[in-house]
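Turn these sequences into a full structure, and let the hints steer you where they fit.
Just so you know, the sequences run in chain order A and B.
Each step along the first sequence adds one to the number in my numbering, with nothing skipped, and position 154 is 154.
Each step along the second sequence adds one to the number in my numbering, with nothing skipped, and position 91 is 91.
Simulated restraints on C-beta separations:
(1) B:Ala95 - A:Ser66: 26 to 32 angstroms
(2) A:Asp104 - B:Ala204: 49 to 55 angstroms
(3) B:Ala23 - A:Asn26: 48 to 54 angstroms
(4) B:Asp216 - A:Val77: 54 to 60 angstroms
(5) B:Arg70 - A:Lys211: 46 to 52 angstroms
(6) A:Arg100 - B:Val39: 50 to 56 angstroms
(7) A:Arg111 - B:Gly56: 37 to 43 angstroms
(8) A:Glu208 - B:Ala23: 33 to 39 angstroms
Rather than coming from a laboratory, the hints here were simulated on the basis of the structure.
From the three backbone atoms N, C-alpha and C, an ideal C-beta is built for every residue, glycine too.
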Amino acid sequence: MKPTAEVVHAASALSSWMSGVCTEVNKLSSDVSSLLERNLAGKSRADRAALKGLDEYPREFLTKNSYAAGAGTFFAVETIEQGAPALDWWARKEYGTIGRLDLDMTPGSSRYYDYEKLPFFSTAASTGEQSLWGPYVDFLGFEEYILTFAAPLSVHGHFTGVAACDIRIKDLEPLIMPTLRAIPGDAALVNASNRVILGNSGLYLVGERIKSGSPNQHQLALDVPHLGLSLIYTV
Amino acid sequence: MASPSSFQSQIYRSLPEIERADAIVDRLTKAIGLGLLKVGERLPPEAALSEMFGVGGATLREALGDLRERGIVETRRGRSGGTFVVNQPRAQTDAIRDWFLSTSISEIRDIGDEHSAIAATTVRLACERAEAHDFERLQDLARALILADTPEVRAPADSRFHIELAIAAQSPRLTNAEIRLQEETVQQLWTPLTVAFDPEQATAEHLELVRAVAQDQPEKAQNLVLEHIRRNIFHLIDKKLTLGYAQSNQDGQ
Numbered sequence: 001m002k003p004t005a006e007v008v009h010a011a012s013a014l015s016s017w018m019s020g021v022c023t024e025v026n027k028l029s030s031d032v033s034s035l036l037e038r039n040l041a042g043k044s045r046a047d048r049a050a051l052k053g054l055d056e057y058p059r060e061f062l063t064k065n066s067y068a069a070g071a072g073t074f075f076a077v078e079t080i081e082q083g084a085p086a087l088d089w090w091a092r093k094e095y096g097t098i099g100r101l102d103l104d105m106t107p108g109s110s111r112y113y114d115y116e117k118l119p120f121f122s123t124a125a126s127t128g129e130q131s132l133w134g135p136y137v138d139f140l141g142f143e144e145y146i147l148t149f150a151a152p153l154s155v156h157g158h159f160t161g162v163a164a165c166d167i168r169i170k171d172l173e174p175l176i177m178p179t180l181r182a183i184p185g186d187a188a189l190v191n192a193s194n195r196v197i198l199g200n201s202g203l204y205l206v207g208e209r210i211k212s213g214s215p216n217q218h219q220l221a222l223d224v225p226h227l228g229l230s231l232i233y234t235v
Numbered sequence: 001m002a003s004p005s006s007f008q009s010q011i012y013r014s015l016p017e018i019e020r021a022d023a024i025v026d027r028l029t030k031a032i033g034l035g036l037l038k039v040g041e042r043l044p045p046e047a048a049l050s051e052m053f054g055v056g057g058a059t060l061r062e063a064l065g066d067l068r069e070r071g072i073v074e075t076r077r078g079r080s081g082g083t084f085v086v087n088q089p090r091a092q093t094d095a096i097r098d099w100f101l102s103t104s105i106s107e108i109r110d111i112g113d114e115h116s117a118i119a120a121t122t123v124r125l126a127c128e129r130a131e132a133h134d135f136e137r138l139q140d141l142a143r144a145l146i147l148a149d150t151p152e153v154r155a156p157a158d159s160r161f162h163i164e165l166a167i168a169a170q171s172p173r174l175t176n177a178e179i180r181l182q183e184e185t186v187q188q189l190w191t192p193l194t195v196a197f198d199p200e201q202a203t204a205e206h207l208e209l210v211r212a213v214a215q216d217q218p219e220k221a222q223n224l225v226l227e228h229i230r231r232n233i234f235h236l237i238d239k240k241l242t243l244g245y246a247q248s249n250q251d252g253q
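This is the structure in C-alpha cells:
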C-alpha cells in the first residue's frame, strides 16, 4: 500500500533533519582529522602536543547546533600516547555554558567508561560508516537518556576514533514532534532495531521495541545512509 | 522542571534552597492535597510542630500565617482552640500547565515505569498480607473516588486509595515511594485542563483491584494495577500532546 502524502512529507522532513545532523558530525570528524594530520607530522601516536587546539571544534559545534547537548572526539586507545587524553568531550552545562566532561578512564575502576566497547564507537570502528545509537541511558558517560550520532575518524586512512554528538531525548521531542503530529494516524520514528525514538501518540512510546504484528502497521525507511532509521505508521 | 545532569548529582544534589517556612507550607499543602490531613483536622500545637519540623517558633508562625492567608488553615482561640485545616488547597492550574510543558514524553513514560515497578510489588504483597478489615477500608476508599464531585477532591481520593494499598502491604518504604509518586502526578491526572479523566472507570478499576487482593490472586492483581497505571500514563501523555503540540496538527508542519 502506498503511504499517504502526509507520511511521505513527514519522512522527507525527518530525513532532511537527520541528514543535517550527520553532515555536522561528519564535518566535526573531518576537522579533527585534518588537525591531527597537520599536528602529527609523521608520528604514529598522538601526544598532548598533537592534540593541541582540538577542543575548538566541538565547542564550535555546540555553539552552532543548539539541539546537541554534547560533542567531541573519542580516540581508539592504541592511537594515543600514554598520558595524553583519550577523549575530548564537551557538554552543555547549566546556564548555557559549555564545559569539558571528565570521564573515568581508569580500567578496573568502578566508574570506568569503557567507550571502545560501546556501540556508538564499535559500530563506527567495524563498519567505517556513520552510525546512530539510542535512545539509551548513558550510565557513567553523560548519564542522561540520549541519542548519539557518531562518525568514524581517520588519519592518513587509518581508523583513529570517532567524532560524535549527543542529543537528549527530552530536547529532541519538541524539535521533531510537530513533524510527526502532522501525520493523522499513530506514527513513530524508530531506529535500526525498531526501537521508538519518538511517537506521535501514546501507542508508540519512546524506548519501546516495535514488534511486527498488526496488519495495519507499515514501515517506510528514511533516506539517511547507514543510520537504519524508519517511520512506522498505522492506517 | 530541571532534571539532574547525572546520576551522581543525585547524591550531591543541593539541599532545598527555599526558605524553611516555604518548605513547611509546601509540606502541609501537599499533605492536605493528598488527603493525608483532612479538612476539619486540628494540627498539633505550635510548640510540637516547631520541634518536629526542627525550626524556631518565628519560622513556624510565618508558615502558618502564609497558610492562613491562603485560607487553607484557621487558628481559633480558646479551650478547644488550635490551628485547623479548613480548605483544600486550590489546584494550581498554572503550575500544572507548566509541568506539562516542561516534562517530556520520555520523562512521563519513565515515571510510569517506576510507578509500575512499585505498584506491582505493592499489590502482590497486599495479596499476601492484607486482612479482612483492610479489604473493607480499601473498598470504602475506592468508592470515595466516585463520590468526589470536583477534580480538587478526586485527586486526593485517588492517591489515598493507592497509598492505602501500600499500607495494606505492610511496607513503610513502599508507602513512602507511593506517596512520592502520587505527589508527582495525581494533580496532573485529575486536572480538568484539556480532557477530563473519567472517575467511573478509575473507580471500577480500583474496586476490581480490591476484589483480586481480597481473593488473594496476585497474578491478576498485578495485571490490573499495571493496566491501571498504563492508562493513567496514556492520559498524561495525551494531555501533554494537547497542551504542548496542539498547534502542530493544524499547521501541518
